[in-house]
Amino acid sequence: MTFWKLFIRNRGAVVGLGILALITLMAASASLFYPEDPFSLAGQPMSPPGENGFLLGSDSLGRDVAAGIAHGAKTSLLIGLMATIVAVVVGIVMGALAGYYGGAIDNLLMRLTEMFQTIPSFVFAILLVAIMKPSIESIVIAIAVVSWPAVARLVRGEFLSLRNREFVQACHTLGMSDIRIMLGEILPNCLSPIIVIGSLMVATAILIESGLAFLGLGDPNIMSWGFQIGAGRTLLRSAWWVCTFPGIAILLTVLAINLVGEGMNDALNPRLRERT
Amino acid sequence: MSHFARRMRYVVKRLLQAIPIVIAIVVLNFFLLQLAEGDAVDVLAGEAGSATPEYMAELRAKFGLDQPLPVQLAIYLKNVVVFDLGYSFRHEMPVSELILDRVVPTLLLMVSTIMLAVGFGIVLGLIAAISLNTWRDTAISIFALITYATPLFWVGLMLIVVFSLNLGWFPTSGMENFAMFYEGWDRVWDIAHHLVLPTITLSLFYLALYTRLMRASMLEQAGQDYVTTARAKGVTENRIMFVHVLRNALLPVVTMAGVQVGALIGGSVIVESVFAWPGLGMLAFEALFARDLNLLLGIFLLSALLVVAVNLVVDLIYSSLDPRIEVS
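Note that the protein sequences, when read in sequence, are chains G and D.
Residue numbering for the first sequence follows the working numbering, starting at 1 and increasing by one per position.
Residue numbering for the second sequence follows the working numbering, starting at 1001 and increasing by one per position.
Just chain D, with the same shape it has in the complex:
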């Protein structure tokens, strides 16, 4: 089989594996919706102030809410397929539209966080591993231990106190300064300026994780047979560490980056609500306050789908980095 055909087969296999998980998540979402007391019609009637029982029954029939549960589930599945996630009565907008509006800021925050956390995590883990049991190693380990135990929202607030309120280096909240009507590069610069503190906050926890992982991974690889072989060949220690060991040690870090995306979305709810970053997390926070369950469920569904998608992409990257994976 040609290399390309094998790759395509792997991609298709992974895609098919993702389908049952997506369906399970949608069904779970449906049952959570059922668990919540009151349905969309109750909300609607409550908003209107007065509604006769006849009118409510008519509305239920219109939305299919008087049907038996399996039928409702089928309707829900069909709606999700066409990305109809219901209506947010608080915002008077379809949930899907509201969510799509907020995806880009969240992705921006997540991508910059992953880059910062993975990048610095790799560097710190590498430094800790090559200077094993020295003060550098100890300092990095203590730093990782402390950041691992710090609540994200508290770090965010403390960064605001120090860098925004006292030093005035960074804005306290938001994604851009609308009052300035920036355009082009000025706007990019403005957004980047707003992005600094949320990114640092969100990446701290994962930085700790990647640092520890990278350190452990480097140490594990350093004990492998190929290192002994390289040493026997007379390869310099620096070359062994930075060329042979480093490349192999990076693999688990890449996989971990994918596994942690779910946790990253959870963290972004907190960080976005601390910094009023206008993404999905902030929307979830607003939905919580407004008791807008429909919207909350929509965000939950989309974030779960996002995790599936990212895991898929990471698996594909991983398999091209390490061809042994495709075989197993």
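Bound conformation, chain G alone:
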């Protein structure tokens, strides 16, 4: 069966893909529907949802919550994707080197990932962003720094089990360079678990990003869901909608990505498929 047929057998994954498509559409068309800066005053402050022309209400400075959510979708997806790409690339390089060569490199990497697993990752991310000053780049770097060890461990394991297989030995006898064997022969054979862990990592990255923004460590020039909730928390008593809707946006996005990731896992790992 093709990947797609296996994927759509998982109903949850299809629902997740649908939600994710809608959110991506919302992010892509944010400037179309809300051309104004989401930080700008758009009308009567503290309007409840549905009043004064605000679909989801406005906050104490008259900012449109719906506009913030639409623009925040861009931020969340962008940071989630970029941080994951950086973490996956770093993880693949480190894991491949450690798994392929073994020995001292492997030892060093294992100690390093062990240390990273000990360090409370969210506190570490807070610290990194605080030291580098909050900006898109520093947030992406911080999330990537705390996420790559998981990829490295996975890739190392895959490389360890594949490096003595016959097809790799055949490549050695053909005189292929190590780099070519690693990138051209072994890596394609362990792509499916990397894709799965990568897709789940986007969800975690979005959660970390929203947490950082909530604590006031978001990029001050860019609207994000975490920032909206952080700014609205003082209004809980009088304007519940300011915090509520961006949170639902985060929840739906992360849930959708997790569902898609699990669907991919089912479709890409035939051994797991028949399990309940």
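In case anyone wonders, no lab produced these hints; they're calculated from the structure.
Bear in mind that the values here come from a model prediction, so they are computed numbers and not experimental data.
Mixed in with the good hints there might be a few duds.
Below, a sample of chain G positions facing chain D; criterion: calculated Cβ distance under 7 Å [what the hints assert, rightly or not]:
1) THR118
2) PRO120
3) VAL123
4) LEU127
5) PHE214
6) ARG233
7) LEU235
8) LEU236
9) TRP241
10) CYS243
11) GLY247
12) LEU251
13) VAL254
14) ASN258
The beta-carbon is built from N, C-alpha and C at its ideal position, and this holds for glycine as well.
Could you slot chain D onto chain G? The hints should help.
Here is chain D on its own, set in the frame of chain G:
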């Protein structure tokens, strides 16, 4: 070798394994401190308002900040050993004192969270596993999926809206009501009352994790040979599930409880700042606002050490639950 001697050897071995990690974390902390722009003297000079370059140089010499990097690192290591983590100029207190003041509330929150999350996680995972593929299983799986995707700070805020602001059942923030001057059991009750919402919030995410883990672990154990043997002996299904399988399925959940402590500390920063719970996380939040890096680094160091310590304890508990571990 006697059992006791073997146990002691294992304990010592685990202790020695933890040392390089602790040193690595301290060194990492030192370099993060170097990365931050400006040093303690800059902060001090900034606080004072005016400082001559000569005075600043004198101060740097006093703190050893004019020494080459390796020497500074050595000084830093020595300071950490005696638990001198520097000075917080915002609070005008040594960092170590500030942190120690806040450890107890955080530990209280963490212990109650772990108990709630592990306890309910085990029960829910067990129910899901024994009623596999029924509506109960589906409902529990969906619940776990949703809580796994929910940002903690948002759950906290929503709980405040519903249970504190609308229903008035629980206080919105803080650890106790100082205005009432409670003593004895009244004070314990008051703190417990304040503890409810933060604990529920922090445990939700881990509850999802433990539920899924427990369910998977139960299913894995149910397929083992010893279950077939028990069934062949004529042991009842209930006895197989609750006596044979359950005990073995609990092991991975115990290990996971240790692995997740680091994440729990991260979560407590968020939850404590939502509920103004006066622990380490709240201190970190305050330090962020005051740009007090020294304090933030101290909290980071202590939380990393806490994880090492908890992992050590969990390993020891685990090894006494499952003696096979000591051999490997």
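Worksheet entry | Status of the hint placing G:LEU236 at chain D (closest C-beta pair under 7 Å) | holds (6 Å)
Worksheet item: Close enough to count: is the Cβ of G:GLY247 nearer than 7 Å to one in chain D?
Response: holds (3 Å)
Worksheet item: Quick one, is the G:VAL123 hint okay against chain D at 7 Å, beta carbons?
Response: The hint holds - G:VAL123 has a Cβ within 7 Å of chain D, the shortest such distance being about 5 Å.
Discussion item. Would the hint on G:PHE214 be counted as holding, given a Cβ-Cβ threshold of 7 Å to chain D?
Written reply: holds (5 Å)
Worksheet item: Are G:ASN258 and chain D close enough, Cβ to Cβ, to be under 7 Å, as the hint says?
Response: Given a least distance of 6 Å, the restraint on G:ASN258 holds.
Worksheet entry | Cut-off 7 Å, beta-carbon criterion: hint that G:ARG233 touches chain D | Cβ of G:ARG233 sits 6 Å from chain D, so the hint holds.
Item to complete: Closer than 7 Å between Cβ atoms is the bar; does G:LEU251 clear it against chain D? Give me holds or violated.
Response: This interface hint holds because 5 Å falls under the 7 Å limit.
Fill in: Restraint satisfaction for G:LEU127 [CB to CB of chain D, less than 7 Å]
Since chain D brings a Cβ to about 5 Å from G:LEU127, closer than 7 Å, the hint holds.
Worksheet item: Does G:PRO120 meet its interface restraint, that is, does its C-beta lie within less than 7 Å of any C-beta in chain D?
Response: holds (4 Å)
Worksheet item: Quick one, is the G:TRP241 hint okay against chain D at 7 Å, beta carbons?
Response: Not OK, violated: G:TRP241 not within 7 Å of chain D, min 10 Å.
Worksheet entry | Cut-off 7 Å, beta-carbon criterion: hint that G:CYS243 touches chain D | Holds, because the Cβ-Cβ distance from G:CYS243 to chain D comes to roughly 5 Å (cut-off 7 Å).
Worksheet item: Holds or violated: G:LEU235 as interface residue toward chain D, Cβ cutoff 7 Å?
Response: violated (10 Å)
The structure is inconsistent with the numbered hints 7 and 9, although it conforms to all the rest.
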